[in-house]
Amino acid sequence: MLGWIDPLLQGVLLGGLYSLYATGLSVIFGIMRLVNLAHGDLIVLSAFLILAASAAGVPIVLACAVVVPLMFAVGYALQTVLLNRALGRNILPPLLITFGLSIIVQNGLLETFSADTRRLNVGTLESASLPLGSGIAVGLMPLICLVSAVAVIVLLNSVFYRTALGRAFRATSDDVEIAQLMGINNKSIYALTMGIALAVCAIAGFFLGARANFDPSIGPARLLYAFEAVIIGGLGSLWGTLAGGIVVGVAQTIGAHINPEWQILSGHVAFLIVLVIRPRGLFPRAVD
Amino acid sequence: MRVSRLNPVGVDEDPRHSSRFSVATATRASTVTALLAVPLILLLFALPAFASRALLQELFYVFTMLALAQLWNLLAGCAGLISVGQQAFVGIGAYALFAFTLMAGLEPVLSIVLAGIVAGLIAVPAALIVFRLRGAYFAIGTWVVAEVCRLVLAQFKQLGGGTGTSLPPDIVDSIVSLDFVRHLFQVRSPAARDILAYWLALVLAVGTLVLVYKLLRSRYGLALSAIGDAEAAAESAGVDVFRTKLLIYIATATVTGMAGALIFLQKARISPDAAFSLIDWTAYVIFIVVIGGIGTMEGPIIGVVIFYLLQYYLAALGSWYLILLGALAILLMLFAPTGVWGVISGPFDISLFPVRRRLMPLSLKESRE
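Protein chains in written order, with the numbering used here: chain A, 1 to 288; chain B, 1 to 369.
Extracted from the complex, chain A is given alone in its bound form (with noise of 0.2 Å):
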């Protein structure tokens, strides 16, 4: 019995890392009914750049401070540039323009860094751990991870919930045309989406690149994981999508524990068997 509440807690762990992945596509489609196949590669190029900073010898804290601001106003540029000229009822266009954009950013990262496994270095906080007796202990950078997860959401919500510019994405969200009636520039709150599901993306890189090794290959994975933890958990609802994090993470963690090789395989198939039996979800919001 006792074996299993291991794999269970770092499954939880590693779900607070997958729902920093699954933020911000959650955000982009609740508010624009976009899916960003190039998500999980400008996690990667974040990392990337957040590794490239502290190569440079600028504190990793710091290189964190810069690399989110920088983030997001590449998913401004991105979503002013390219995104918001494609958006309309086909949407062919927005999923092929960010297919093209997935493989030049990948590429690119091949390109530019070589297609070697990097990690970033975050000194003694990456062995650090909190023992909580019986043998089992939770590593501190993991459990960090988790509360920035939890505190983005939060963050998030009252953004949306509390403000006069959140205010403003929800009715974008729910009707786009009535929204644009009473006065709000769709096109500058999709500019806005974008840069905040970058901006989180920024967060999910450092992340990414604390716990476990990375290299410029690993980004349709990512996106993969935070797809499934979007749909388990239901659209619409930032809870929903860290509780599908979490399913995601644990059923890899004990895939794993089971057989090593099972470890993605059995994330994949919990998002199917949750497909089969609740097709929109755990915590369903919004209507698709």
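A few of these clues could be false.
[Claimed, not checked] Stretch by stretch, here's where chain B covers chain A in the computed footprint (C-beta under 8 Å, at least three residues):
(1) 31 to 42
(2) 91 to 98
(3) 156 to 164
(4) 225 to 238
(5) 259 to 265
(6) 269 to 278
Honestly, the hints are just simulated from the structure, not real lab data.
A quick note: this is a predicted structure, and the numbers were derived from the prediction, not measured.
Positions of the beta carbon are idealized from the N, C-alpha and C atoms, including for glycine.
Since chain A is already given, all that's left is putting chain B on it; use the hints.
Coordinates of chain B only, in the frame set by chain A:
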């Protein structure tokens, strides 16, 4: 009172009702195309008599990519099912071929057909899962299914597990009529294998073209264009949207599986990463369709020629080549979403493979005859 004979998609096909109008699909351009296609296909069949082995190998690649592109175009362009997971069926077909030939000792051509059937059968449960997702989420859902297939097949130790396995030459040489081809062209076994693979690829490409064309001109094609215009309206007019999409999904999966089996019979070497490659079997295919013109049958044909030329001259650039393809696809989506064929045919309204039904006043048709 007589009840007119209405078929499930609601088209009145009763000849008694079409006294003043007739429905035409053929155009002058399409008649010319059909007349030119016959000698062209015959010429391509005779090509091994005077073409080099290298050329046949290149054409093999072009034909298989053309078939995959036509199938993806049918799925995404015509049925609106934008999948980024068709590599699932390429991989399943390829692995099924290896299982049938290596483990069951079946003849390779028979195995290709059976591999297609396996892919079609696996498409049924896959569809029941991914059809729960809509639009863009459907796309990523198909990708997850492909990943699951890749990870599951990597567990099969008999088929090489994660590292893959090879087809021994004697199994490839058990292909039907190899001796006949060897004597016909006076060549050794490897060259005869390439000729047979080339013919099979030609049959696959032409067969796919015919299949897609016939399907689009049938009542399913009419149902698809109705769904494309307004899904809810089509449903209320009696189109079974779910069944139509399911049929298209299974049909494309079956032929995609055969294409995968043929491609990996020629390669004679398989691994999960190669068989389920997103870049090779989906990204390139999408690029071909989009650059040529999505939603038309002419598009993938033009697209595969452009793609082949880019590949031939630029593939040596490695990552930069992929970056270029990605950038081209983005620019195209922004400035010419109908692709090269859309730009060419737009002002002239030409259609080489017409699938649109046009209402013709009968007097006009009679005066032409």
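Hints versus structure:
| no. | hint | verdict |
| --- | --- | --- |
| 1 | 31 to 42 | holds (count 4) |
| 2 | 91 to 98 | holds (count 7) |
| 3 | 156 to 164 | violated (count 0) |
| 4 | 225 to 238 | holds (count 3) |
| 5 | 259 to 265 | holds (count 3) |
| 6 | 269 to 278 | holds (count 5) |
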